[in-house]
Structure formats: C-alpha cells, structure tokens
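Sequences listed follow chains F and Z, in order. According to the numbering used here, the first sequence is numbered sequentially starting from 1. According to the numbering used here, the second sequence is numbered sequentially starting from 1.
Rather than coming from a laboratory, the hints here were simulated on the basis of the structure. Computed from a predicted structure; not experimentally measured. Where hints are given, some of them may not hold.
Note that the list lumps identical chains together, so a pair holds whenever it fits in one copy or between two copies.
[Claimed, not checked] Straight-line alpha carbon distances no greater than 27 Å define the calculated DSS-like cross-link-like pairs of lysine-lysine that follow:
hint, residue 1, residue 2
1, Lys172, Lys151
2, Lys133, Lys67
3, Lys172, Lys81
4, Lys81, Lys133
5, Lys4, Lys133
6, Lys10, Lys172
7, Lys80, Lys172
8, Lys133, Lys97
Protein chains: 2
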Amino acid sequence: MSRKPFPLAKVYTLIEPGPVVLLTTAQGERRNVMTLSWKTMLEFEPPLIGCVIGGQSYSRDLLMASKECVINIPTVDIAKKVVSVGNTTGARTDKFKRFGLTPLPARFVHAPLIDECYASLECRLADTRMVAKYGIFVLEVLQAWVDSAVKDPRTLHHRGYGRFMVAGETIKLRSRMK
Amino acid sequence: MSRKPFPLAKVYTLIEPGPVVLLTTAQGERRNVMTLSWKTMLEFEPPLIGCVIGGQSYSRDLLMASKECVINIPTVDIAKKVVSVGNTTGARTDKFKRFGLTPLPARFVHAPLIDECYASLECRLADTRMVAKYGIFVLEVLQAWVDSAVKDPRTLHHRGYGRFMVAGETIKLRSRMK
Chain F
1 MSRKPFPLAK VYTLIEPGPV VLLTTAQGER RNVMTLSWKT MLEFEPPLIG
51 CVIGGQSYSR DLLMASKECV INIPTVDIAK KVVSVGNTTG ARTDKFKRFG
101 LTPLPARFVH APLIDECYAS LECRLADTRM VAKYGIFVLE VLQAWVDSAV
151 KDPRTLHHRG YGRFMVAGET IKLRSRMK
Chain Z
1 MSRKPFPLAK VYTLIEPGPV VLLTTAQGER RNVMTLSWKT MLEFEPPLIG
51 CVIGGQSYSR DLLMASKECV INIPTVDIAK KVVSVGNTTG ARTDKFKRFG
101 LTPLPARFVH APLIDECYAS LECRLADTRM VAKYGIFVLE VLQAWVDSAV
151 KDPRTLHHRG YGRFMVAGET IKLRSRMK
C-alpha cells in the first residue's frame, strides 16, 4: 500500500461519512483493537474527534492508561474481521494474531496502525471530562495516513445486528459548505 | 408516504451509519432547518444523540430557546435541497418555502417533521453542558417516525466540499453486536 501523510485539515472528510472504525490501543506489552461506530468530528483543525466508548472494556482501560490510540478505517474487504473484532474481548486474546490484522508502528503514538486499513489517524487523548457521564473521549489527531490509491473507499456503515451498508457511489453537488 | 412509529430502541440503526440530516427548529412564529453531519449516538434507550452545532447560527438560537428539535433523515432524491439548505442562513429566509420542503406537525415538539424525509426523530434538548466548549447538544429522542416502505434508504454521507457518498448495498454478517 502507498501509505502517505494526509492533511490534518481534511481528516473530517474521512470521519464525517460515518464509517465503522477499528480503534487500536497499547500500553507496555499490552495492546488491543476494538470495533467502534459511535463517533463524531468536533473540530476541523486541529482535528478533534469525539469517540464514545461506553461501559467497561479492555480498550477503554488501555486508552485511559496510555492516553493514546489510533483510529483505523477498514473497508468491506475485511468486513468479517471487523465483526470478529467486535464480538471478542481482548483481555485474554491478542486479536491482531487471532484475526490476522497486521500492526505497524505509528509515528507519534505507541498504539499500532493496522496495515489492512486504508486510513489511520494517530490520536492523543485530549479531554476526559465527558467520559463519566457519556463515555465520550475527545481525541486530537496528530498524524493522518491514507492509502493514496484509494479514491472512493468502500467503507462499512453499521445498521445494527450485523447489517452493514457498504459505501456506494459518490456524487458531487455545488456547495459552499466545507 | 406510510409514516409509522419506529421503536426507540432501534433509533441507533438510523443514526449510526452516519447520514447527513436536516435539523428543524421552531420557536413562536420562527422556524428553521439546517444541514448537519457531525453527530453520534450516545445511548441506546432512551436514545441520546450528540449533535455538534458550532459557532453562532439561527438554528442554534432557536434550539436553545425552544429546547426542542426534529432530526430528519433525507435520501439522495432531495440531495440538491439538502445542499441548498446547508448553503443558506434562515435568519432572513424561510428555507422550507424557498427550497420546497413540506413541514408537518410533530407529536411532541413544535419543530416540524419534513415530509420529504424518510425518517424523523422528535427530540428534546437534554444537556447543554458541552455546548460552550464543543458545541455538543445532547438530544433525547421522544418519538421516531419512519417510512416503513423504505428498507435500504439511499442516505447521503458527506465527504467534504459538496461530495456525498450515497448509501450502497447492505451486507449481513453474523454478529453478537447490537
């Protein structure tokens, strides 16, 4: 894959359409990956993303401890892996090995990029004040990577109970919106 | 359209895939509609949705004053209207009349449903504590309506600068996830 740096000011174009993502974390020898759909852009630049991680989870513990993570965006090619990651806890299993996801070193954080994902956003935990009430982790994107060969990624969009809408055609309309 | 009540516990299946929405507000004789992409589910039931409305806007004023709104979900059939709404302020224009959107009375709130949208969620403003810092309005869905004839809605997903991904095929994978 031709993984290239991607402008921080355009990160919202990756997150705003609502794809399912794989969030990776690492702390010391421990690492994990979780499937996540509940997130929104909060600011264009520096890009801030609010990710909702409710309840107790291994990823949440690692994120709180390390204050870092990577948001990786998969496409339909690895849909089965995405669902398997979502169905499994990482507390006693290395999900990277079990489901054949290849961790790659990131630039600014210890959490790994996932080689099988077309985009990866290295993030630092910027605000935890909304965690207790809503499970919202505010993440600042420090570095974005995108496979520049992928123009219209066939991302996954969760419709519940294992049903996923796969990104279809792209249309262009005259807009003054960013 | 055969607009039917939709179970509150399944509202997340409408919002989670990340569609662009039209948010309507009303206060006294004033009403407005805005285009919005930055939002996330926060809780399954009662359904809570965090909508990001940054900066000053007419819709934000009406939402703060009335503490109510409706989240309407359009499909590609009215894509041009969706973009036009996003390009225009409602402070001096009735965008419903100007762009041919039909307001219908809601059940619990004064803000209108939009007849041209396949789904509408009547909401009350539940928490404003994250408005100052992040523009996050926490909305509780009181009543959901869906056109029961629409199975795989061709929703719009903003990729920036007037480019929209249109919802494609739906795939089903075995999942223990909700």
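Structure-inconsistent hints, enumerated in ascending order: 4, 5, 8
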